[in-house]
Amino acid sequence: MNHPILSLNQINKSFGPIDVLHDISLQVSAGEVLCLLGDNGAGKSTLIKILSGVHIPTSGQILMDGAPVAFQTPRDASNRGIATVHQFGGTFPLMSIGRSFFVGAEPTKGWAPFKVFDRTKANAIAVKAVQDFGITRIDDGDRLVGGLSGGERQSLAIARAVYFGARVLILDEPTAALGVKQAAHVLRIVNQAKKRGLAVIFITHQVTHAMAVGDHFAVLIRGAIAADFKKGEKTREEITDLMAGGQAMAELEAEIDHQSH
Amino acid sequence: MEMIRAFFSRPAAASILSLIGVIVFYVLFGGVDLINLAAAASWMNFAANLGIVAIPVGMLMIAGEMDISIGAMIPAGSITTAILSGYYGLPIEVGMLGALGLGVIVGLINGILTLRTTVPSLIITLGTLVGMQGIVLSAAILLTGNASIPVKAPEWAKSVFGQLLGNGHQIIIVWWIALTIALAFVLHMTRYGNWIFALGGDKVSARNAGIPTGRLTISLFILSATSASFVGMCQAILFNSAQVSGGMGYIFNAIASVVVGGVLLTGGFGSVMGIFAGTLTFAIVNQGIYFTHIDRNWSNLIIGITLLVAMAMNESFRKLALS
Chain A
1 MNHPILSLNQ
11 INKSFGPIDV
21 LHDISLQVSA
31 GEVLCLLGDN
41 GAGKSTLIKI
51 LSGVHIPTSG
61 QILMDGAPVA
71 FQTPRDASNR
81 GIATVHQFGG
91 TFPLMSIGRS
101 FFVGAEPTKG
111 WAPFKVFDRT
121 KANAIAVKAV
131 QDFGITRIDD
141 GDRLVGGLSG
151 GERQSLAIAR
161 AVYFGARVLI
171 LDEPTAALGV
181 KQAAHVLRIV
191 NQAKKRGLAV
201 IFITHQVTHA
211 MAVGDHFAVL
221 IRGAIAADFK
231 KGEKTREEIT
241 DLMAGGQAMA
251 ELEAEIDHQS
261 H
Chain B
1 MEMIRAFFSR
11 PAAASILSLI
21 GVIVFYVLFG
31 GVDLINLAAA
41 ASWMNFAANL
51 GIVAIPVGML
61 MIAGEMDISI
71 GAMIPAGSIT
81 TAILSGYYGL
91 PIEVGMLGAL
101 GLGVIVGLIN
111 GILTLRTTVP
121 SLIITLGTLV
131 GMQGIVLSAA
141 ILLTGNASIP
151 VKAPEWAKSV
161 FGQLLGNGHQ
171 IIIVWWIALT
181 IALAFVLHMT
191 RYGNWIFALG
201 GDKVSARNAG
211 IPTGRLTISL
221 FILSATSASF
231 VGMCQAILFN
241 SAQVSGGMGY
251 IFNAIASVVV
261 GGVLLTGGFG
271 SVMGIFAGTL
281 TFAIVNQGIY
291 FTHIDRNWSN
301 LIIGITLLVA
311 MAMNESFRKL
321 ALS
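Respectively, the protein sequence lines represent chains A and B. Each residue of the first sequence is one higher than the one before, starting from 1 at the first, in my numbering. Each residue of the second sequence is one higher than the one before, starting from 1 at the first, in my numbering.
The following block holds chain A by itself, in its conformation from the complex (with noise of 0.2 Å):
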């Protein structure tokens, strides 16, 4: 039995007079891949703003390896493991791919005050780590990021957080903006980092690509879990319906055939 890496514990947020989330509990453990599924509007943005930092929960606790934590800034979240890639690669288009690679952390040689950016090692090192994880197209460290496609994006931003340390990968909506192809990409690629041990947090609102890496599924609906289950307890059609509020479903679509007889 695996010890969870993050566990949530009792979760509320609320700005203000408006409440968002409502007793999130929720845990993902090394070598997990945990879906959050959820409409939008269901409170995800929020629960990935509280899990690396931007935001403070209202109430609740959040645990790392079974201790409590508390993150002040985006930047404590992600000094205890915790990286994040956003729906938009959050990589930066027009720097090089080494550049962007270590934005924040850039290596340098020589002494100062002449402390240098060691172009030549940044570039070896973001290449070699996204060719780690299948994507050999990309051989030039000093290439835009802006050339390269959504798929790659994500892939580099992925590879940049597992070689930072990352311990907790969260996932927002990374194959939203893909096509078949370049999602399948993307998912491969989360698979890879669940075989190296990290915890995966992935949030879509496509079941079927939770349905190919996830281990474990949550559903958010108006900021509550509606649904917590492993992988196998519900077919597709039923994490639907569950997600689109099932009975509305079905209503419409007995209105649809209806209309068309």
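Mixed in with the good hints there might be a few duds.
As the list claims (entries may be wrong) - Here are the computed lysine to aspartate or glutamate pairs in the EDC-like style, where the Cα-Cα straight-line distance is at most 20 Å:
hint : chain 1 : residue 1 : chain 2 : residue 2
1    : A       : LYS195    : A       : ASP215
2    : A       : LYS231    : A       : ASP215
3    : B       : LYS319    : A       : ASP140
4    : A       : LYS109    : A       : ASP142
5    : B       : LYS319    : A       : ASP142
6    : B       : LYS203    : A       : ASP76
7    : B       : LYS319    : A       : GLU152
8    : A       : LYS49     : A       : ASP76
9    : A       : LYS234    : A       : ASP215
10   : B       : LYS152    : B       : GLU93
11   : A       : LYS121    : A       : ASP139
12   : A       : LYS49     : A       : ASP39
Stated by the list, open to error - These stretches of chain B come out as covered by chain A in the derived footprint (C-beta under 8 Å, 3 or more residues):
hint : stretch
13   : 186 to 198
14   : 207 to 217
15   : 256 to 269
Unchecked claim - Far from chain A, by Cβ distances over 10 Å, these chain B residues were calculated:
hint : residue
16   : ILE4
17   : PHE25
18   : LEU122
19   : VAL160
20   : ILE173
21   : PHE239
22   : ALA312
Keep in mind that the hints were calculated from the coordinates and are not lab data. The beta-carbon is built from N, C-alpha and C at its ideal position, and this holds for glycine as well.
Please build the complex by placing chain B on the supplied structure of chain A, with the hints as guidance.
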């Protein structure tokens, strides 16, 4: 082929081509004697005074901000030097420190206001521009009764900041080249330079990556305001007097040089070499026309066309780099 591709991916590519293009145009259609032009001081002096201001303005643009208050900081620098060391007869060191110190203060104000409010830096520096113009004029009139103030600097100050070498070349040219080399090193070779590009590319991601974006922004504003007041200070020492007016032209000229130089208006892309070449291009168009038999009234049209052509080139080269 790879080398050619590599050249065109650089932000400076278009500005270097523009520079060559403009010189060729003047030689072919303006009957310019290249040797004569090369030795002339007018465009070099123009370029140096403009260049010292353009590079920090360009770096701010790369970081995603704008500073137009430089238009008032140049006369502010010269008037401060003249009031302190000319009118009040204090040692020139006091005048110089006063001018530079004023740059630091205004830069701080610009930076803090940009960080603390949601007002875009273009508007904030517009406010400081107009405010400083008022302060400079009031100070000059109230304290000395004159809008033009004489100042006589001692020998050592004149030789370091206000000398004429060779054919009428101002020593500020040396300062310009030194500053270009220093800032090119910082922007392209150090990690602070990487932070500046990151800040301009995606402010939120830059902050999340642990970059001290606040301090970085304020430092850049201080650099730009102080460079402008430095130029004013040198002019006061060189010409032995300071005027309240002047400086407004630098705003457009600096932005034009920066944009021709390949800096993206929205930030995150550009180079010091490009800004240097852009400044040279602008200076040659502006001053080189006096060496041609073209009517000098056409100079603004030529500048306009050069700007548009350079921007179009920059756009295509950037698309090439992103492919």
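Taking the hints in turn, this is what the structure says about them:
1. A:LYS195 with A:ASP215: Answer holds: LYS195 of chain A to ASP215 of chain A is near 12 Å, not above 20 Å.
2. A:LYS231 with A:ASP215: Between LYS231 of chain A and ASP215 of chain A the Cα gap is close to 5 Å, so the pair holds against 20 Å.
3. B:LYS319 with A:ASP140: 18 Å, holds
4. A:LYS109 with A:ASP142: Answer holds: LYS109 of chain A to ASP142 of chain A is near 18 Å, not above 20 Å.
5. B:LYS319 with A:ASP142: 15 Å, holds
6. B:LYS203 with A:ASP76: 18 Å, holds
7. B:LYS319 with A:GLU152: Roughly 18 Å between the alpha carbons, so the hint for LYS319 of chain B and GLU152 of chain A holds.
8. A:LYS49 with A:ASP76: 13 Å, holds
9. A:LYS234 with A:ASP215: 12 Å, holds
10. B:LYS152 with B:GLU93: 12 Å, holds
11. A:LYS121 with A:ASP139: 14 Å, holds
12. A:LYS49 with A:ASP39: Holds: LYS49 of chain A and ASP39 of chain A sit about 17 Å apart, inside 20 Å.
13. 186 to 198: Coverage by chain A holds for the stretch 186 to 198 of chain B (8 residues, Cβ < 8 Å).
14. 207 to 217: holds (count 5)
15. 256 to 269: holds (count 3)
16. ILE4: Answer for ILE4 of chain B: holds, closest chain A Cβ roughly 15 Å.
17. PHE25: 31 Å, holds
18. LEU122: 21 Å, holds
19. VAL160: Given a closest Cβ separation of 23 Å, the condition holds.
20. ILE173: Consistent with the label, ILE173 of chain B stays out of reach of chain A, its closest Cβ about 25 Å off (over 10 Å).
21. PHE239: At about 35 Å from chain A, PHE239 of chain B clears the 10 Å cut-off, so the statement holds.
22. ALA312: With a cut-off of 10 Å, ALA312 of chain B remains clear of chain A, as the shortest Cβ separation is near 18 Å.
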